[in-house]
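Required output: the full structure, derived from the provided sequences and hints.
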Amino acid sequence: NTIAALAAPDVSRVGVSQFGMNLRANSSPSAGQNVVGSGVGVVAAGYNTPNFFKYASGDVLVSSIDPEYFRLFTATYIVNVGASQSPGVYVTTLQYIALASF
Numbered sequence: 224n225t226i227a228a229l230a231a232p233d234v235s236r237v238g239v240s241q242f243g244m245n246l247r248a249n250s251s252p253s254a255g256q257n258v259v260g261s262g263v264g265v266v267a268a269g270y271n272t273p274n275f276f277k278y279a280s281g282d283v284l285v286s287s288i289d290p291e292y293f294r295l296f297t298a299t300y301i302v303n304v305g306a307s308q309s310p311g312v313y314v315t316t317l318q319y320i321a322l323a324s325f
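For any residue, its number in the numbering used here is found by taking its place in the sequence shown, counting from 1, and adding 223.
Treat the hints as calculated values from the structure; they're not laboratory data. There is no bait here: all hints are sound.
So the derived label-pair ranges between C-beta atoms look like this:
1) A231 <-> G311: 21 to 31 Å
2) V234 <-> V265: 18 to 28 Å
3) F325 <-> V259: 23 to 33 Å
4) V265 <-> Q318: 19 to 29 Å
Don't be surprised by glycine CBs; every beta carbon is placed ideally from N, CA and C.
The following block contains the structure:
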């Protein structure tokens, strides 16, 4: 059994099987935080709207065209399950890769 990832941005829907994330402060659910710091890195579209969540494997979440100084990004995840979802332990592994160009 799997919990479907949100291929397009959507709100958290209790009772609907969905998995997603964003990098913003949210009010529904109350979680996360906005970007902090003086850097210039920006969150990618689809992950930068409060209360909307998405997940697509391989997506670039943050990018910067200039050297980056301190900037803190907070990832918030949601997981909801439908009534027909089989009980059990569900697991995922996420990798964050930071690449630098010189």
